[in-house]
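Asks: Chains A and B, in that order, give the protein sequences. Here this note's numbering is used: position 291 in the first sequence is 291, and no number is missing along the way. Here this note's numbering is used: position 29 in the second sequence is 29, and no number is missing along the way.
Source of the hints: derived by calculation from the structure; they are not laboratory data. No residue lacks a Cβ here, since even glycine has one placed at the ideal position from N, Cα and C. Worth double-checking, as some hints may not be accurate.
Listed below are the simulated DSSO-like cross-link pairs for lysine-lysine, each with C-alpha atoms no more than 27 Å apart in a straight line [what the hints assert, rightly or not]:
#1 K221(A) to K30(B)
#2 K51(B) to K103(B)
#3 K51(B) to K107(B)
#4 K51(B) to K30(B)
#5 K107(B) to K262(A)
#6 K30(B) to K132(A)
#7 K30(B) to K103(B)
#8 K267(A) to K221(A)
#9 K30(B) to K262(A)
#10 K51(B) to K221(A)
#11 K221(A) to K262(A)
#12 K262(A) to K103(B)
#13 K30(B) to K267(A)
#14 K221(A) to K103(B)
#15 K107(B) to K30(B)
With the C-beta cut set under 8 Å, the calculated list includes, among others, these residues of chain A facing chain B [said to hold, decoys possible]:
#16 S237
#17 L239
#18 N242
#19 T252
#20 D302
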Amino acid sequence: MAKVKIQGHASGTGILTVTAPNTSTDRTITLPDATGTLATTADVFDPDGAVTINDTGADVDFRVESNNVANMLFVDGGNDMVLIGTDTPISFDAFGSEISVQIQGAGTAPYTGLGIVQNSNDGDAAVLILGKSRGTSVGSTTIVQDGDDCGRIEFQGMDGTDLETCASIFGEVDGTPGSGDMPGRLSFRTTADGADSATERLRITSDGRGLSQFTAKVWCKFNGTGTPAIDDSHNCSSLTDNGTGDYTLNFTNNMANTNYVKFADAKDVNHNSALIILHSTDTFAVGSMQLLCQNALGTALDDTNMHALVFGD
Amino acid sequence: MHIIYPSTNKDATSPNYGEATLAQLIPAPKFLAQLAVLDEDGNDTVTLENKLIHIANKDLPTGTPYEITDEDTSDRSFRNAWEYVAGADEQTSADLSAEDLEKYNMKENL
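All chains should be modelled from the sequences, with the hints used to inform the complete structure.
Replies: What follows is the structure, given as structure tokens:
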């Protein structure tokens with residue numbers, strides 16, 4: 001077997017150089033057949049092997065250039081960042097420039113963005129996961145705590161000087177977590193006109209309630225005839241049948257205060273004049289509301305189709 | 001099943017206002033479902049009776065005697081004259097735990 005070996009000299013290098021000829025067509029190294037290989041050593045790049053760049057951890061950068069972008073991929077060795085489209089990190093509201101992966105672009109061809117597509121013959125989809133542990137090392141399994149942010153999505157706009165938050169969505173732990181137990185809530189926040197920080201406007205709790213100024217805190221549809229029955233409800237733990245036409249709706253979660261709005265209504269084909277009025281004492285309790293069902297003459301009666309609704313804090 | 005307990009007529013417009021009567025506590029199906037604790041096979045490990053006890057502790061003042069019953073109470077004739085008679089299965093509502101109070105946004109037990 002013919003063999004050419006280039007042996008590096010103690011005082012030199014073992015580099016095989018093919019000098020440029022007058023034309024580029026002959027500037028090749030030809031292997032004898034399809035099984036031919038370029039022998040490698042630890043000091044030589046192997047396209048089929050594991051590759052480590054900057055194995056010594058020096059403060060140096062790694063950069064890949066594309067046709068139109070000088071920093072299509074830029075690994076900032078000094079700041080431990082991966083940048084796409086730039087070699088200069090941008091400063092974000094609330095985080096500064098300490099965001100470890102950044103994509104920056106200009107223009108619309110291509111759009112600056114992140115597209116994730118899964119192709120599979122099932123119902124699964126692409127996923128974006130934001131995770132959190134209380135540990136301080138990569139791979140930690142230290143449990144999170146009630147109230148911890150597990151992830152947040154920030155929407156920030158440039159105010160002429162720097163980026164400011166205009167809206168955000170937080171995913172937070174909502175309750176005490178444990179093994180196989182991770183209660184969560186979503187918090188939707190927007191920034192008011194004239195402000196530069198977002199305020200929570202809607203919270204979806206771990207038990208499925210929507211807390212806001214514009215969502216019902218409690219609602220219930222029930223039948224007060226026979227053995228009273230709750231047809232459907234939200235944030236309602238039980239209904240008390242106090243007597244004829246007299247019910248108390250017990251809230252699962254108390255209202256924050258008694259400055260809430262309550263509404264009740266009844267519709268029954270057998271009692272065209274059925275009317276529900278709230279308790280005459282106008283008592284507002286944080287944990288319940290009393291409903292009295294009377295006909296137009298003020299006589300208490302039970303009804304089949306009754307509704308109650310509460311808005312407030 | 002539901003809960004019955006002694007009460008007084010709370011309708012100030014009723015001629016029976018303040019008189020002793022029987023009250024029924026009807027659990028909300030969705031709240032019962034919320035109280036479920038599922039095992040690895042998806043089976044609920046909490047009995048209906050235990051869920052009703054929890055509701056009694058939550059929605060009745062502490063110390064209220066009550067019974068869990070599946071008795072048919074659909075005939076509401078003379079409803080305001082119903083009276084609670086203690087039975088052998090009578091229980092008494094207890095305080096909720098501090099954790100439950102916080103969960104239900106309650107500052108104190110009823």
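Asks: Next step is simple, just say for each hint if it's right about the structure.
Replies: Status of each hint after checking the structure:
1. K221(A) to K30(B): Within the cut-off at roughly 12 Å; holds.
2. K51(B) to K103(B): Distance ~16 Å between K51(B) and K103(B) Cα, so the pair holds.
3. K51(B) to K107(B): Cα-Cα ~22 Å, so holds.
4. K51(B) to K30(B): Within the cut-off at roughly 12 Å; holds.
5. K107(B) to K262(A): 21 Å, holds
6. K30(B) to K132(A): 31 Å, violated
7. K30(B) to K103(B): 16 Å, holds
8. K267(A) to K221(A): 11 Å, holds
9. K30(B) to K262(A): Distance of about 21 Å is within 27 Å: holds.
10. K51(B) to K221(A): 21 Å, holds
11. K221(A) to K262(A): 14 Å, holds
12. K262(A) to K103(B): 23 Å, holds
13. K30(B) to K267(A): 23 Å, holds
14. K221(A) to K103(B): 24 Å, holds
15. K107(B) to K30(B): Holds, at roughly 23 Å.
16. S237: OK, holds: S237(A) within 8 Å of chain B, min 4 Å.
17. L239: 5 Å, holds
18. N242: Holds - the Cβ of N242(A) comes within 8 Å of chain B, reaching about 5 Å at its closest.
19. T252: 6 Å, holds
20. D302: 6 Å, holds
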